[in-house]
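*Asks:* Residue strings, one per chain:
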Amino acid sequence: MIARLFNFHGGVKPDAHKNESANAPIQPAPMPSRLVVPLRQSTRATARCIVSPGQHVLKGERIGDPEGTLGTAVHAPTSGTVVEFGLHPLAHPSGLNTRCVVIEPDGEDRWVERHPFDYHTATREQALAQLRDCGIVGLGGATFPSHVKLGRGSGIDTLILNGAECEPWITCDDRLMRERAADILAGASILRELIGARRLVVGIEDNKPEAIAAMQAAAGGIEGDVAVVAVPSLYPAGGEKQLIRVLTGVEIPYGKLGAEFGVQCFNVGTAHAVYRALAHGEPLISRVLTLTGNVSRPGNYEVLIGTPISHLLALCAPKPDTDRTLMGGPMMGFALPRLDVPVVKGTNCIISASPTLFPPPQPEQPCIRCGECARACPAELQPFELYWFSRALNFGKAQEYNLFDCIECGCCSYVCPSHIPLVDYYRFAKSEIWAREREKSAADQARDRFEFRNYRQEREKEEKAAKLAAKAAETRAKMADKGAAEEAPANADADPKKALIAAALARAKAQKEAAPVRNTEALSPETEKEIAEIDARRIKAALIDPATPAGDTPSERSPESTS
Amino acid sequence: MLSALLIMTGIALVLGAALGYAAIRFKVEGDPLVEKIDAILPQTQCGQCSYPGCKPYAEAIAKGEADINQCPPGGEEGIRKLADLLGREFKPLSEEHGVEKPKSVALIDEQTCIGCTLCIQACPVDAIVGAAKQMHTVVEPLCTGCELCLAPCPVDCITMVQIPDTVQTWKWKYPVIELRKSA
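From first to last, the protein sequence lines are chains A and B. The C-terminal position of the first sequence is numbered 563 in the working numbering, with every residue numbered one higher than the one before it. The C-terminal position of the second sequence is numbered 183 in the working numbering, with every residue numbered one higher than the one before it.
There could be a bad hint or two in this list.
As a list, the in silico PhoX-like pairs of lysine-lysine whose alpha-carbon atoms are at most 20 Å apart [what the hints assert, rightly or not]:
hint, chain 1, residue 1, chain 2, residue 2
1, B, K171, A, K430
2, B, K171, B, K103
3, B, K36, B, K63
4, A, K497, A, K509
5, B, K103, A, K478
6, A, K471, A, K497
7, A, K440, B, K63
8, A, K440, B, K103
9, A, K397, B, K81
Think of the hints as simulated: they come from the structure by calculation, not from any bench.
Chain A with its partners taken away, still in its complex shape (with noise of 0.2 Å):
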C-alpha cells in the first residue's frame, strides 16, 4: 500500500468540466459508409500496406505490416471490402496526408479467427511480438508502441497504471474504468508480469470517485500488491513523469526514462487493450473516446477506428454557434484542420468548441518576466527563457535550457498574464532543431559520399597511371632484352616516351619482315598467270609502277581496277 502522496512542482486548476459528458456510458458508434484506416498509427512508424482494392477483409485481418522497431501492425476495423489504398488527410495539426486503406463495410461486422494467446506457456519474445502483430500502442495520446516500452523485462519494481485523465473535459478513461474495472485490472496484471514488476499502483484523480471505487471493488480479484489510489487533481497530473512523481517519490530527470528508475507507466485503456489482444485474441481495432463541448449530447463512445470525425459529430450534434473542433483536450489538443479525418488510436476526445466557451486567444502582449510561468511549470523549466530564446531562433540556447523536458502540457500559457502563447513557441522551437538535426546529418552523409568519390575518382587516376606505368616499364625491360643497346639507350635515358615510339617502330619494322605476304607464296600455275594478267591490266591502267611487285600494295587498289 501507498504510504504517502507526493508533489510535483507547479501545475494548474482549470475548470474540470467532466460532469458533461461522465455520465453518459460507453456505447458503440455506428458504423460509418466508409472507413479510412491510416497506415501511419503513430508519429514514428508507418505500417506496410499488405491488402489490394477490391479485396475482401474480415473484422480484425491485418492490413498493414509493422516496419522497423517502432513499428505496430493495422488492422481491419470491421469487415467489407478494401475499396482504395491512397493518401488522405491526417488528424494532424498540418492537416498532411498520409497512406490510407479506405475500407466499405459489409455490415455483417464478421470477425476473423481469433486465438486467445497464452503468455504464460510463450516467451516473453512471444507475448511481446503478440502485442506489436495487435497493434498495441499507448492510447493516452503518445501512441507509443507498448511491446517496446515492455521491452525492458528486468529492474522494473513498479508498474503504474494511469487513470488520472487530468485534462479538462474528457472522460474516456474515466468511463472505461466504471465499466470495465476487471478487464483492465486483467490487462495491467498481464503487463505486470511481461514486465517483471513487483506491484501495481493505480492513479486515479480524486474527482473521479466512481471509477475509483470501481477500480478498487474490482483490484480485489488480481493477485499480488496492488493499490487503487486516488491522487490530487491538479493539472496535468496525468504526466507520466508528474504521476510517477506523484505516486513513487522518484524524479526523473533530464534525459531519463521512467524504466531506469525502477517505475513503468501505462494508460488504463492501453492494459484493457492488451487484455483484449493477450486473453481474446482481438486487435486494437475501436478505442473510447469522449465527444463533449458546445453539443447537445455528449457522451463516451466505442469507435472504430478510421471512422472519419464528421460521421461522429453527426453523433453529438454540435450547437450552432460551434467554430472549431478540437482533437485531445483543451490543453494539448489542437483545432482540427478539417472535419474529414478519421480517428486514429491516440484521439480520445473531441471538443466542439465555441467562443463562450472557449474565448479567442487575447492579443499577445510583451512578456512581464513576472515568472508565473515558471511556478507553473510541472517540468521545473525556464518557460519564459525558452520563450525568448525560441521567439530569437536561438534554439542552441533553448537545447540548453531542457527545452526537450518540456511536455507541452500548456500551464505556462495558462497563466500568462501576457496571454502568450507559449507552447506554440516551444513546439516551433523543437520541430526546427528535429529538421536542422534532419539536415546536418544529410548533410554529413552528403560531405562523406562527395569525399569517397573524390578520394575514388583520384585512385581510379592512380590505378590507371600505375597500370600504364607499368607496361612502360615492361616494354622498356623487353627492349633492353633484344639488345637494343644501339638504338640510342642513350636518348631513351632522356626521353621515354621517344625511345617507346622508337621501340614500336622498331617492332613494327620487324614484325613486317618477320611476316611475309602469305598469298604469294607457292602459287598454283593458273593463280600466277592471273596474276599476271591482273598486272597487266593495271599498268595499262597507269595505276602503279609496274616495277611494284603485284600484292604488296593491296591498299592502293582502285575500286575500278578490283572490279
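Please build the complex by placing chain B on the supplied structure of chain A, with the hints as guidance.
*Replies:* For chain B alone, coordinates are given in the frame of chain A:
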C-alpha cells in the same frame, strides 16, 4: 649582473623547450577553421560558389580568398552563421552566385532516359545509379539537389522536384506574425 643574465637565459631556455614540446605534442592536423566553416556549409557540392565543392569553398573562405555570401543553398541563415563564426559583417547573398531556392531533388524521367551515364559522372555524391544504355535513376534520400546533373543530360530528362512536406518533416510555424510596412 651575470647571475641575472644566467637566470633570464635559463628561464628562456626552459620556456622555449616547453613551448617547443607543446607545439609537437599538441599539434593540430589540418586547419580547424576550415573544418568549422565546412560544418556550416550545406554540403550540396553544387559549385555555385565557383569552387568545386563545399570543402574547397571553406578553404577559400579561411584563406580570405572568397566572400561569405557565395553559397545560395546555405541561404541567409548560412551567411549569418559564417558571419558569426568569422566575426564579419552579415551581407546579403551575392546575386551572381544564384538565389536561395526551396530544397529539391532531381528526378529522371525514366521514359526519356537514354542511358548515357553523363549524369552519373556529374553527380558529386554518387546519388544516381544506372549503367551505359540502361535506365538511370536518382536515389532520392542521397540527392543534395545540386542541379549539376541537369546540364550534361543530352535529352533534358532530368527535372528538379521540390520535396513536399510530410507528417514527419512538417514544422510548426513561427508564432510571431511579422509586421511589414504597407506600401
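*Asks:* Which hints from the list above does the structure break, by number from lowest to highest?
*Replies:* 5 and 7
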